[in-house]
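Engineer: Sequence:
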Amino acid sequence: MILSGTPGVCESQPPTEGPAVGETPAWFLQGSFPDPTGRTIVDPGGHVTVPPRSDGGGRGAAGSTAVAPPPAPAAGETPGCRRSPVCGNRLGRTRQSLQRVQWKQTMGYTFTYPYVLPPGPGGVPAVALDSKGNLWVFQRADPGRSQLFKFDPDYKLILQVGQDVTGYQDKAHGMA
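Residues are numbered in the numbering used here as their position in the sequence shown, beginning at 1, plus a constant of 364.
None of these hints come from the bench; they were simulated from the model. It cannot be assumed that every hint is accurate.
List of simulated lysine-lysine pairs, BS3-like, C-alpha gap at most 25 Å [said to hold, decoys possible]:
(1) 535 to 514
(2) 496 to 520
(3) 468 to 496
Okay, the calculated beta carbon distance ranges per label pair [to be verified]:
(4) 516 to 393: 22 to 28 Å
(5) 469 to 522: 29 to 35 Å
(6) 521 to 467: 30 to 36 Å
(7) 389 to 483: 33 to 39 Å
(8) 488 to 462: 20 to 26 Å
Even for Gly, the Cβ is constructed at its ideal location relative to N, Cα and C.
Take the sequences, apply the hints, and build the full model.
Structural biologist: Take a look at the structure:
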């Protein structure tokens, strides 16, 4: 008896979305936000801008029409994100090409951002509330710009702490 067969390969694609199941909301995959300069600018309306790189500037440098910030206090050069598993895989895809799970919002409300930070690049890696209900916000910013801000309970900016007090915090990840 001779048996013959044709090898088969199943090439089905993994799902890119799924329905709500039990108490788990529906989900979908979404691409990572492109941030080629390492920093973005988000305005009070939630619009995101990726500032262009200029030939003379480093990460987050603005084009030739921007006003240069004042020089920062002397600070050591922080090593780049190199050979770190958190920064990406040198042998595989970049982190920005990854798909991320997003949950379909069913909470009955929408997000608002009542705190308006000074314009410029830099995300917020840390916030803290003090005993009087004031919100302290640490923002990544270019050298020479304030990075620590205090807002009152009514969302009003009441204090900017300059780098002459805090020093320049390169690649900050928190607040103590």
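Engineer: It remains to establish, for every hint, whether it holds in the given structure.
Structural biologist: Status of each hint after checking the structure:
1. 535 to 514: The given pair, whose Cα atoms are some 20 Å apart, holds under the 25 Å limit.
2. 496 to 520: holds (14 Å)
3. 468 to 496: violated (35 Å)
4. 516 to 393: 22 to 28 Å: violated (40 Å)
5. 469 to 522: 29 to 35 Å: holds (32 Å)
6. 521 to 467: 30 to 36 Å: holds (32 Å)
7. 389 to 483: 33 to 39 Å: holds (34 Å)
8. 488 to 462: 20 to 26 Å: holds (22 Å)
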